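With chain A held as given, fit chain B onto it using these hints.
There are 2 protein chains.
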Amino acid sequence: MNEQTELQRKGQAAKQASRKLAVLDTNTKNKALMAMADALMANQEAILAANETDLANAEAKGTSKALMDRLRLTDKRLADMAEGLRQIAALPDPIGEGVDAFCRPNGLEIRKVRVPFGVIGIIYEARPNVTADAAGLCLKSGNAVMLRGGSEAIHSNIAVIETLAEAAYANGIPEGTFQFITTTDRAVVNEMLKLNQYLDVIIPRGGAGLIQTVVNNSTVPVIETGVGICHTYIDETADFDMAEAIACNAKISRPGVCNAMETLLVHEAIADTFLPRLMEAFRKAGVVVRGCARTMAILADAQEATDEDWATEYHDLILSVRVVRDVEEAIEHIARYTTHHSEAIVTNDYNNARLFQMSVDAAAVYVNASTRFTDGFEFGFGAEIGISTQKLHARGPMGLKELTSVKYLINGNGQIR
Amino acid sequence: MNEQTELQRKGQAAKQASRKLAVLDTNTKNKALMAMADALMANQEAILAANETDLANAEAKGTSKALMDRLRLTDKRLADMAEGLRQIAALPDPIGEGVDAFCRPNGLEIRKVRVPFGVIGIIYEARPNVTADAAGLCLKSGNAVMLRGGSEAIHSNIAVIETLAEAAYANGIPEGTFQFITTTDRAVVNEMLKLNQYLDVIIPRGGAGLIQTVVNNSTVPVIETGVGICHTYIDETADFDMAEAIACNAKISRPGVCNAMETLLVHEAIADTFLPRLMEAFRKAGVVVRGCARTMAILADAQEATDEDWATEYHDLILSVRVVRDVEEAIEHIARYTTHHSEAIVTNDYNNARLFQMSVDAAAVYVNASTRFTDGFEFGFGAEIGISTQKLHARGPMGLKELTSVKYLINGNGQIR
Numbered sequence: 001m002n003e004q005t006e007l008q009r010k011g012q013a014a015k016q017a018s019r020k021l022a023v024l025d026t027n028t029k030n031k032a033l034m035a036m037a038d039a040l041m042a043n044q045e046a047i048l049a050a051n052e053t054d055l056a057n058a059e060a061k062g063t064s065k066a067l068m069d070r071l072r073l074t075d076k077r078l079a080d081m082a083e084g085l086r087q088i089a090a091l092p093d094p095i096g097e098g099v100d101a102f103c104r105p106n107g108l109e110i111r112k113v114r115v116p117f118g119v120i121g122i123i124y125e126a127r128p129n130v131t132a133d134a135a136g137l138c139l140k141s142g143n144a145v146m147l148r149g150g151s152e153a154i155h156s157n158i159a160v161i162e163t164l165a166e167a168a169y170a171n172g173i174p175e176g177t178f179q180f181i182t183t184t185d186r187a188v189v190n191e192m193l194k195l196n197q198y199l200d201v202i203i204p205r206g207g208a209g210l211i212q213t214v215v216n217n218s219t220v221p222v223i224e225t226g227v228g229i230c231h232t233y234i235d236e237t238a239d240f241d242m243a244e245a246i247a248c249n250a251k252i253s254r255p256g257v258c259n260a261m262e263t264l265l266v267h268e269a270i271a272d273t274f275l276p277r278l279m280e281a282f283r284k285a286g287v288v289v290r291g292c293a294r295t296m297a298i299l300a301d302a303q304e305a306t307d308e309d310w311a312t313e314y315h316d317l318i319l320s321v322r323v324v325r326d327v328e329e330a331i332e333h334i335a336r337y338t339t340h341h342s343e344a345i346v347t348n349d350y351n352n353a354r355l356f357q358m359s360v361d362a363a364a365v366y367v368n369a370s371t372r373f374t375d376g377f378e379f380g381f382g383a384e385i386g387i388s389t390q391k392l393h394a395r396g397p398m399g400l401k402e403l404t405s406v407k408y409l410i411n412g413n414g415q416i417r
Numbered sequence: 418m419n420e421q422t423e424l425q426r427k428g429q430a431a432k433q434a435s436r437k438l439a440v441l442d443t444n445t446k447n448k449a450l451m452a453m454a455d456a457l458m459a460n461q462e463a464i465l466a467a468n469e470t471d472l473a474n475a476e477a478k479g480t481s482k483a484l485m486d487r488l489r490l491t492d493k494r495l496a497d498m499a500e501g502l503r504q505i506a507a508l509p510d511p512i513g514e515g516v517d518a519f520c521r522p523n524g525l526e527i528r529k530v531r532v533p534f535g536v537i538g539i540i541y542e543a544r545p546n547v548t549a550d551a552a553g554l555c556l557k558s559g560n561a562v563m564l565r566g567g568s569e570a571i572h573s574n575i576a577v578i579e580t581l582a583e584a585a586y587a588n589g590i591p592e593g594t595f596q597f598i599t600t601t602d603r604a605v606v607n608e609m610l611k612l613n614q615y616l617d618v619i620i621p622r623g624g625a626g627l628i629q630t631v632v633n634n635s636t637v638p639v640i641e642t643g644v645g646i647c648h649t650y651i652d653e654t655a656d657f658d659m660a661e662a663i664a665c666n667a668k669i670s671r672p673g674v675c676n677a678m679e680t681l682l683v684h685e686a687i688a689d690t691f692l693p694r695l696m697e698a699f700r701k702a703g704v705v706v707r708g709c710a711r712t713m714a715i716l717a718d719a720q721e722a723t724d725e726d727w728a729t730e731y732h733d734l735i736l737s738v739r740v741v742r743d744v745e746e747a748i749e750h751i752a753r754y755t756t757h758h759s760e761a762i763v764t765n766d767y768n769n770a771r772l773f774q775m776s777v778d779a780a781a782v783y784v785n786a787s788t789r790f791t792d793g794f795e796f797g798f799g800a801e802i803g804i805s806t807q808k809l810h811a812r813g814p815m816g817l818k819e820l821t822s823v824k825y826l827i828n829g830n831g832q833i834r
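Protein chains in written order, with the working numbering: chain A, 1 to 417; chain B, 418 to 834.
Chain A extracted, bound-state conformation (with noise of 0.2 Å):
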């Protein structure tokens, strides 16, 4: 027999771990979390002395100031981590949550539980943080997890994860169950991506090209997030400070994030009122316009949208502007361009809001509020490990409940067919 490689040994390993995870009461997990947060607090400077080493090798290497800040741990970063996995224990377990339950006329009582889906892989990039929210919310839900993270990020990671690893096994979690994949070869993502005999899925946290390699190269199921081109159209009946409010939210208050707004689409009977009066407020605050010709025409100093912008998540104080002819025309534009994350309309008009929210083909369609609710936290989940623009099993923020399965119990007392 072959030699296991690091994945096929850890793979076993967290699978073997699964199976007595999945049947371990809820007190056992809530102790092990606080325990794990309290063990990241103690460990601090380990912690910390760890992550000056990864930002130095950034450095070197003459890495962005934007990664950096995403690299960097501060103990104000430690302390929210730990917070994290406080708020977690409190969280209800989804594990064993009854989601049907049904008699048949032969006798047969069938009950249809939630239960963890055995292991699951994660795939993220520069942000440590993301080894102790992962590594968290999968305990909760009874999952042992692998992880791999961005390889500027490996020595914080480490010691992230055997900070946590030592205080959840000494508190009753079972050993193996967080696995960490130290090789910094991109080559074993892709191992990763076939491992099918110990993962039961994978979730990509990252950017858009990550996510293109996982969803292209996997046979693992996988849970695609995160990217989003999200629309708000302005209708002739908006009420215009409300317009200027959402979309100011959507755009400027986070813009290198997936539910910021990329592209505002306007109705034709308001745009010459309504733009220059929104670009006043976009002026100060940077935003730079591209716009169709009607645009254009309104804004003097748009520029002109090419199609490729209107296909484009710039994460960035830029926008895309088109002038439409009425809410057909906003709802025939975001099928074209939409990545099924969050689209808007503010409008006042009853049958322009139910049309787009019949419509629209997204995981979030609203009406008269902004794309940046979309989160588990702003949802009220209480967590969030990522926002599926998938169709299939979770769609939109996924909080705890999404890390699950479920399971048919069905008793019975001799019944045959």
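Treat the hints as calculated values from the structure; they're not laboratory data.
Everything numeric in this text was worked out from a predicted model, so none of it was measured.
Treat the hints with care, since some could be wrong.
[Claimed, not checked] Restricting the straight-line Cα-Cα distance to at most 27 Å, the calculated cross-link-like pairs of lysine-lysine (DSSO-like) are:
hint, chain 1, residue 1, chain 2, residue 2
1, A, Lys-65, A, Lys-284
2, A, Lys-194, B, Lys-493
3, B, Lys-818, A, Lys-112
4, A, Lys-112, B, Lys-529
5, A, Lys-401, B, Lys-529
6, A, Lys-401, B, Lys-818
7, B, Lys-482, B, Lys-493
Same frame as chain A, now just chain B:
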């Protein structure tokens, strides 16, 4: 621009149709389903003639009797197909069903409702009845469908789908809803597995080979169906009459289906008395036993089971039998060889029943009933598109609800974050 392939052209047409279909009312869908059933009966002669062509071609190729039987359409089978469509019309429409609804402290109202996937790809083998069945289930759940049937049934399938499509389109169903791939070249399957632009999910229906091809090569999300190495464990406290009835039902009633038993596990304390008694019934039915060493010592006519036997779905009157120390060894054996389909324990011990149901990782875990009940109709779903053996999205029998996704509808009055 390059010319579109058959798949791209049909995928695009299906996608366009799916947008209209997603907002179509239930009455129109039901009326169309009834018209489709009537059309099948009205077109009986032409469909049976097309089927004759397939049968003649198959015979000329020396096709096996079993496959010829699956391929054959008769008056009775066509009437059953029509009746199936009428039953689908009578089922509740899953689309629009509220799955959750809540308000947030900021006044946002959030509803989670069922929506269609969009376009479902179905890849199947010889049985032409799948064509009507899949078309009906996809239509009722608001999905367009792209069908790829086995080449041996090509004439039958085309006759069926053209009949159905004509009746549907004459009754308010958007043109393009039903797409059937006429290219019989196998390469077309690989193209279909990469058609992410148009397909939202692919469901393979067929043997293990087909399913593995789809799972290993599809970049479109897949719902894996069907392979079942089902175990039945007879515990020390089992009622022998019940145990015999369940074991015989699970093995003999229909050995070629995925919920039939392939391996029997017996507690060592009762093996000496139970196995010879069971074997009498099995011998009458022509069941051949392949056993572990202890089984062979009890049953003179048992052959030796190899490692491969425990991992084989016989689809035949062959049964692997192993004597185990206790429920825990039974659970261990199942953990090693399960295909996560259906597993059963026969027992009168409360703790063992509970442990078995908690520990065994399968879509359906039975106490004192036959694994043969894992079926959409037996579960009372009124329909079945297949049995999911994966953990993502759907697990176990899939009815209409499992052919849907969800979306969040969020209504506010100017909320920003």
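Which of the numbered hints are not met once you compare them with the structure shown? Of the numbered hints given earlier, the structure breaks just one, which is hint 2.
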